[in-house]
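Student: Sequence:
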Amino acid sequence: MSNLKLLARADYVEGVVNAPPSKSEAQRYLVGALLANNQTSLLKNLGESTDVLAAQSAIQQLGASVISDNQIVTVLGAQHLAAPKQLFCGESGLGFRLLMPVVSLQPEPVMLTGIGTLLFRKQEGYRDALPESGVFFATSYGYPPVIVRGPMQGGKISLSGKFGSQYLSGLLFALPKAPQDSFLTVENPTSKPYIQLTLQILAQFGIHIEANEALTTFSIPGRQSYQGATATISGDWSGAAFLAAAAAINGHIQIAGLQANSYQADEKILTILQMMGAKVEWKDSILSIQSTGFLQGISTDLTHCPDLFPVIAMLACFAQSNSYLRGIKRLTNKESNRAAVIQAQFSKTGAAISLHSETDTMMISPAQTRPRVAVFRPENDHRIAMAAALAGFFLSQGAIIDQPHCVQKSFPDYWSVLQQIGFSTRTYS
410 MSNLKLLARA DYVEGVVNAP PSKSEAQRYL VGALLANNQT SLLKNLGEST
460 DVLAAQSAIQ QLGASVISDN QIVTVLGAQH LAAPKQLFCG ESGLGFRLLM
510 PVVSLQPEPV MLTGIGTLLF RKQEGYRDAL PESGVFFATS YGYPPVIVRG
560 PMQGGKISLS GKFGSQYLSG LLFALPKAPQ DSFLTVENPT SKPYIQLTLQ
610 ILAQFGIHIE ANEALTTFSI PGRQSYQGAT ATISGDWSGA AFLAAAAAIN
660 GHIQIAGLQA NSYQADEKIL TILQMMGAKV EWKDSILSIQ STGFLQGIST
710 DLTHCPDLFP VIAMLACFAQ SNSYLRGIKR LTNKESNRAA VIQAQFSKTG
760 AAISLHSETD TMMISPAQTR PRVAVFRPEN DHRIAMAAAL AGFFLSQGAI
810 IDQPHCVQKS FPDYWSVLQQ IGFSTRTYS
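Residue numbering for the sequence shown follows the working numbering, beginning at 410 and increasing consecutively.
It is worth saying that the hints were derived from the structure and are not from the lab. Just so you know, these numbers come straight off a predicted model, no measurement behind them. Backbone N, C-alpha and C define an ideal beta-carbon position, used for all residues, glycine too. Any given hint could be a false lead.
What the hints assert, rightly or not - In the DSS-like style, the derived pairs of lysine-lysine whose C-alpha atoms are separated by at most 25 Å in a straight line are:
#1 K565 <-> K601
#2 K738 <-> K531
#3 K738 <-> K601
#4 K677 <-> K738
#5 K571 <-> K453
#6 K677 <-> K692
#7 K601 <-> K531
#8 K677 <-> K601
#9 K571 <-> K677
#10 K453 <-> K692
#11 K677 <-> K688
#12 K571 <-> K601
#13 K531 <-> K571
#14 K531 <-> K494
Said to hold, decoys possible - Taking CB as the label site, the calculated pair distances span:
#15 Q729 <-> F497: 43 to 49 Å
#16 T741 <-> E596: 15 to 21 Å
#17 Y552 <-> H489: 28 to 34 Å
#18 A623 <-> R536: 20 to 26 Å
Could you build the full structure based on these sequences and the hints that come with them?
Tutor: Structure below.
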């Protein structure tokens, strides 16, 4: 499988498609369901991305019972959190970070580990915060595996926002179960919509947390009990962004299953596509995106939605003017060093891409001449691979993507959905 390549090419796309389920929502609901002691949660439309399947496995390792039947996953929360010597989290960075504080609610040491790109992603965000709450925390030079040993006590805790919002979300799941009340202070929080998403989902499990408007302070009563919840996972704006971008290049696509005014930060794709020239509208809860024949370069800040960088960067490579994308400091600890990979790989389109750390900006000057074909090596990064396919509109012989299977992490049906809307794809060794 590692030698597999995929050739993608498109002239025009059209059709009605369903957005993939949000793995951001799905994993949060699974952790909440785990903590609902001996209560049942019904979760619909979880999807089968490898990250979500890894999260299901992880909560089973921690004592939850999980039954999947006809698009509905039934979770019976753990009566007592188990303490496996090793907790395997697959390749999911979100699952890993949500579960570190949760595992530390019980007193036994647990080593959290995973596979693939997760092992090369630093996990330092809890280095100070977990010890402040009474938890032993140790990493391998900042990388997995990570060992935690509780029990978490709660109390006054401070957290830096520079490592991203996932660490904050993990604490927000765990601290309501701690024996003491907690007051959590966050310096310079990032990805604020995802923090709001966490608070929204926690409320569905009956958890009460008071947060200020800036999302810098959180008052968290301890000894709370999670209640079972019933939820349908909404469509994933992160995955849908690639389909919407394809329509913005040349086509007309309708996407079902997305929630307007979502706390998923990547809903910003709509504003960006409109800025670049696409026609965007809602019709009876269906999102319609239509091209207008051109792509305008933009200046925008992606600090709070860094997963949009690959798709917007690819569009910028073929826009009619320069683009300036701020927030590159958020890209160094993803599935790849995403800023460097975008620069190295997307430059193959003929565009000039430069990184400016002093202004936290990626500058993209669109291609003046285009190669007939380009081979993109996504470094096993699902979002790089999905964005690379869009170059198939502009390169006469198409875009070749190494490691196309890496999209399984978030959007297992991506290649078949592209075929459904008009892409020509072919895999070969």
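Student: Each of the hints needs a verdict: does it hold here or not?
Tutor: Results for each hint:
Under the criterion of a C-alpha separation no larger than 25 Å, the hint pairing K565 with K601 is consistent with the structure, at around 21 Å. A C-alpha spacing of about 14 Å is found between K738 and K531, which places the hinted pair at or below 25 Å, so the restraint holds. Distance check on the hinted pair: K738 and K601 sit about 16 Å apart at the alpha-carbon level, within 25 Å; holds. Restraint check for K677 and K738: the C-alpha separation of about 19 Å stays at or below 25 Å, so the hint holds.
Proximity of K571 to K453 is assessed by CA-CA distance (about 33 Å); at most 25 Å being required, the pair is judged violated. Restraint check for K677 and K692: satisfied, since their Cα atoms lie roughly 18 Å apart, inside the 25 Å limit. Distance restraint check for K601 and K531: the Cα-Cα separation of roughly 21 Å lies within the 25 Å cut-off, and the hinted pair is therefore satisfied. With a C-alpha separation of about 13 Å, the suggested pairing of K677 with K601 holds against the 25 Å cut-off.
The hinted pair formed by K571 and K677 meets the criterion: a straight-line CA distance of about 21 Å does not exceed 25 Å. A C-alpha spacing of about 24 Å is found between K453 and K692, which places the hinted pair at or below 25 Å, so the restraint holds. In summary, the hint linking K677 to K688 is supported, as the alpha carbons are separated by about 14 Å, within the 25 Å threshold. With a C-alpha separation of about 12 Å, the suggested pairing of K571 with K601 holds against the 25 Å cut-off.
Of the supplied pair hints, the one linking K531 and K571 holds, its CA atoms being roughly 13 Å apart against a limit of 25 Å. In summary, the hint linking K531 to K494 is supported, as the alpha carbons are separated by about 21 Å, within the 25 Å threshold. At about 48 Å, the CB distance of Q729 to F497 agrees with the hint of 43 to 49 Å. Checked against the hint of 15 to 21 Å, the pair T741 and E596 passes, with Cβ atoms roughly 19 Å apart.
Checked against the hint of 28 to 34 Å, the pair Y552 and H489 passes, with Cβ atoms roughly 30 Å apart. Here the CB-CB span from A623 to R536 is close to 24 Å, well matched to the stated 20 to 26 Å.
Of the hints listed earlier, the one the structure fails to meet is number 5.
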